[in-house]
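Based on the hints, put chain Y in the right spot on chain W.
The primary structure of each chain is shown beneath.
Protein chains: 2
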Amino acid sequence: MSKTLQKKAASTSQSRLSQAVTPQSDVAHFGDDNPLVLDNGERLGSHTIAYQTYGTLNDDKSNVILVCHALTGDQHVASDNPVTGKSGWWTRMVGPGKPVDTDRFYVICVNVIGGCMGTTGPASQNPETGKPYGLEFPVITIGDMVRAQAQLLDHLGIASLFCVIGGSMGGMQVLEWAARYKERVFAAIPIACSARHTSQNIAFHEVGRQAVMADPDWCGGRYLEKGKNPHKGLAVARMAGHITYLSDEALQQKFGRNLQNRDAVTFGFDADFQVESYLRHQGMTFVERFDANSYLYMTRAMDYFDMAADHNGSLAEAFRDTETRFCVVSFTSDWLFPTEESRDIVQALNAVAANVSFVEIVSDKGHDAFLLDEPELNETISGFLGAAALKRGLVANRDGQA
Amino acid sequence: MSKTLQKKAASTSQSRLSQAVTPQSDVAHFGDDNPLVLDNGERLGSHTIAYQTYGTLNDDKSNVILVCHALTGDQHVASDNPVTGKSGWWTRMVGPGKPVDTDRFYVICVNVIGGCMGTTGPASQNPETGKPYGLEFPVITIGDMVRAQAQLLDHLGIASLFCVIGGSMGGMQVLEWAARYKERVFAAIPIACSARHTSQNIAFHEVGRQAVMADPDWCGGRYLEKGKNPHKGLAVARMAGHITYLSDEALQQKFGRNLQNRDAVTFGFDADFQVESYLRHQGMTFVERFDANSYLYMTRAMDYFDMAADHNGSLAEAFRDTETRFCVVSFTSDWLFPTEESRDIVQALNAVAANVSFVEIVSDKGHDAFLLDEPELNETISGFLGAAALKRGLVANRDGQA
Chain W
0 MSKTLQKKAA
10 STSQSRLSQA
20 VTPQSDVAHF
30 GDDNPLVLDN
40 GERLGSHTIA
50 YQTYGTLNDD
60 KSNVILVCHA
70 LTGDQHVASD
80 NPVTGKSGWW
90 TRMVGPGKPV
100 DTDRFYVICV
110 NVIGGCMGTT
120 GPASQNPETG
130 KPYGLEFPVI
140 TIGDMVRAQA
150 QLLDHLGIAS
160 LFCVIGGSMG
170 GMQVLEWAAR
180 YKERVFAAIP
190 IACSARHTSQ
200 NIAFHEVGRQ
210 AVMADPDWCG
220 GRYLEKGKNP
230 HKGLAVARMA
240 GHITYLSDEA
250 LQQKFGRNLQ
260 NRDAVTFGFD
270 ADFQVESYLR
280 HQGMTFVERF
290 DANSYLYMTR
300 AMDYFDMAAD
310 HNGSLAEAFR
320 DTETRFCVVS
330 FTSDWLFPTE
340 ESRDIVQALN
350 AVAANVSFVE
360 IVSDKGHDAF
370 LLDEPELNET
380 ISGFLGAAAL
390 KRGLVANRDG
400 QA
Chain Y
0 MSKTLQKKAA
10 STSQSRLSQA
20 VTPQSDVAHF
30 GDDNPLVLDN
40 GERLGSHTIA
50 YQTYGTLNDD
60 KSNVILVCHA
70 LTGDQHVASD
80 NPVTGKSGWW
90 TRMVGPGKPV
100 DTDRFYVICV
110 NVIGGCMGTT
120 GPASQNPETG
130 KPYGLEFPVI
140 TIGDMVRAQA
150 QLLDHLGIAS
160 LFCVIGGSMG
170 GMQVLEWAAR
180 YKERVFAAIP
190 IACSARHTSQ
200 NIAFHEVGRQ
210 AVMADPDWCG
220 GRYLEKGKNP
230 HKGLAVARMA
240 GHITYLSDEA
250 LQQKFGRNLQ
260 NRDAVTFGFD
270 ADFQVESYLR
280 HQGMTFVERF
290 DANSYLYMTR
300 AMDYFDMAAD
310 HNGSLAEAFR
320 DTETRFCVVS
330 FTSDWLFPTE
340 ESRDIVQALN
350 AVAANVSFVE
360 IVSDKGHDAF
370 LLDEPELNET
380 ISGFLGAAAL
390 KRGLVANRDG
400 QA
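Heads up: the protein sequence lines correspond to chains W and Y, in order. Those letters in the first sequence? Residues 0 to 401, by numbering that gives the first Met the number 0. Those letters in the second sequence? Residues 0 to 401, by numbering that gives the first Met the number 0.
Pulled out of the complex, with its shape left as it was, chain W reads as follows (with noise of 0.2 Å):
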C-alpha cells in the first residue's frame, strides 16, 4: 500500500471507531428502564440507536418508509457516508424524485443493534465493565433488530409505517416486520431474500467467521481494547462474501480473465488477474469501515432466521391475518437468495389469501443487483408506492404524480 493511500487507511479506520462511539446521526437513547429484551431472554439496559431520516413527515405521520439495510449496511442510506466519505448506499433509490420520493414520504433508515455506527453493538462499552462488550455482546436476531427498530418508532411517536422495505438481511428484517407487527405496516417490499438461510447460506457466513476468528489479531473478541484490528482475516471473510454477491455472468463480464495491469501472466502470486486486484479492494476497504465483532453477529442474525421454524413450521402462519400489501421481488441471477426462495414467501402469503405482488426481474447482476442500477426495480418499486399511497391516501407529491 502507498502512504498515501495507508495514511487514507488510518484516517477511515480512526473515523470508524469513532462513528461507533459517537455518530454524526440523529441518536437515541434509552436507559435501564426501557430495555429491548431479546430473543435470547436477555434484556439489553442502556443502549443507544442511531439513525437518519429524510424528508418531512406529514402532520398524521402516515407517510414514513423504513429502509432497513443489509448485513454490512448502515443507517446513511441517501446522505454521505461520515466514514468513507462516499455516498449514501442507495442514492439510486432513495432522495427527491427517486423511488422513495424523499419529496413525498419520510423516510427513516436505522443501524440494526449489533450494528458498529452508532447503534449499540460489540464495539460499544459494555456499562458493566467499563470495556468494549467484544463477545459479550448477546447474540441478536433479526427479530432483535426489528424489535430495536420498533423501540424507536415508539419512542419518535411514529405508530404505523406506510411501508418497510430492504434488500438482503434487510428484506429479511422486512418479513419480520410484517409478521411481528401486522397492525403498523401498511405496505412491505422484501427484496433479494429469503425467510430463512440455506445450509449453503450458513455455509458461507461460517467461513467468513472462521477467517475473521482464526486471525491472532482478533484476540478472541477483545482486540479493541488491545490496539489491534482482524483486518486480515476479515478481508478475507468480505472477499469471500462478495463473490456471493455476484453472479458468475457478472464476474465473467466485468472481469473474465483480464490481466491487472500486465501482458502476461508473471508465475507468481501477485494479482496478475483482475478479479483478483478487485477482491483484495474490496477486502482492504471493507476492513477500514466495519468491525469483525458486528460482522459475526451480523452474519449469525441471518444464519439463525427461519420464520417458518418460528411458526410451527409453517411460513404461510407468520402472515395469517395480515391486511399488509406485499410485493416481493427477486433477481433471476441471485445464486445467494435465488428466486425460488422468494417464490416460497409468495406461496406463503398466498395460501393466507394476503394482497402481494411477486417480481422476478431479468438482470446478470446477481444478489447485489438490488444496489446496482437495475431500471426494472426502480420502476417497480416506484408503481407499488405510489399505487400504495393512492389506497392509503396519501397526496401526490409536488409533481402531481400519483
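If you are wondering where the hints come from, they were derived from the structure by calculation, not from laboratory data. Each residue gets a CB set at the ideal place from its N, CA and C atoms; glycine is no exception. It is possible that some hints are incorrect.
Stated by the list, open to error - Cβ-Cβ distance ranges computed for the label pairs, FRET-style: (1) W:PRO215 x Y:GLU135: 50 to 60 Å; (2) W:GLY129 x Y:ASP269: 41 to 51 Å; (3) Y:GLY382 x W:ALA350: 44 to 54 Å; (4) Y:ALA263 x W:GLU127: 39 to 49 Å; (5) Y:THR331 x W:GLY382: 29 to 39 Å; (6) Y:GLU41 x W:ASN39: 29 to 39 Å.
For chain Y alone, coordinates are given in the frame of chain W:
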C-alpha cells in the same frame, strides 16, 4: 479436540511430512541431465516423480490408462492412502471389475509436479539451498504437470496411452494431454472440468490463497523451516473450497438447518448447525494431510489454465487433427464447472471433426459428483472404455466382456 484426536492429527501430520520426502510409492528420480522444462521458462533439474500402478502391463504396452488427480488428490487412487490410512480416492471407479478395470487395464496415477505426496514440490528440498523450496519453487502449470507425466512414461518405456481420464483439475490434465501429445492418446475422458478457469473460479481460489497467506504461521512460505504450519488459514481455504464442490441442493438435503447435537441454537458462535460442524471437520482433516504451499501452487496452476489462449484464442485449434476418441462428462448441479464449460469443449472438438461423445449426468451432488456414487457415471465410463478397447484391439477381460 480430544487428546486422542490430537494424537491422531499429530501422527497424520508427521506422516504427511514424511510422504513428501520419502513416499510409500513407486518413485522415478530424474537428475540435472534430465530436467523438466517448465512453461515459465525455468528448468527444474534434479526432481522426483512419485506414482502408483494397478493391474498388469500387457506385452505391447497398449493397455495403459493414466488417471489424473484433482487439486487435493494424489497418486493413491485405488489403494490405501499412507497418510490418512483411508481407501484410495477413486476406488468406486478403479479396481478389479470396476469401470476402469485393473483386471484388464494397467492403471498409472502420478502425483502432480508441485504436489506434496512424493513428487517434487514446494515442500521438497531445494538442492541449491538445502532447505525446502517454499516459494522458491517455480510456479507450475497444468502443462507442466502433463509434461512431467510424459517424462515418467518415457522413463517407463510407455509410448502411448490407451486412455487418460480425470475429473476437475484432473480433467484439465486430460485436455492438455489430448492437445499436447495427440499421437500418444487413444482415448480421453475429461470429467467435470473446463478448458479455462473463469473469473469466479479464480476468485474462489484467490480467497483460499489469501486465507493461507494471512496466517502468520505461513511465515512467507517458510513454515517448514520454522516448524510451523498455517493450519488455520489452510482450513479456512478448504472450507471455502469445499462449499464450491457441493451443490446448494446437496447441502440442503444433507444438512438443511439441522442442529449439531443440540435441541436449540445456543445464541453463540459454536457450530450450532451441522453444516458448520461438517465444514470445520473438512478443514481440520485437510490440513493434516495437505501442504499449504502445494495448495497455493495447485490453485495457481488451475487459474492459469486457458487452452484457447494458448492457441491464438481458438479452443478448436488445440485439438486440430486429433484422432483421439473423447468422452466429455458433466453434472447438472456442478456450479464450479457448469455443463456450459463442457459444452464449449464439445463444440471445439466438433469444430475439428473429432470423435466425441458428451454425457451430461443429472445429479444433485454438485462438482464432487465424480467422486461419489453416481451409477450413470460408472456406466458411461465402462461403456466408453469397452467400446474404445474393441477399437484398439484390446482383448476382453477375464469375464469375456468386450
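Point to revise | Numbers of the earlier hints that this structure fails to satisfy, in rising order | key: 1, 2, 4 and 6
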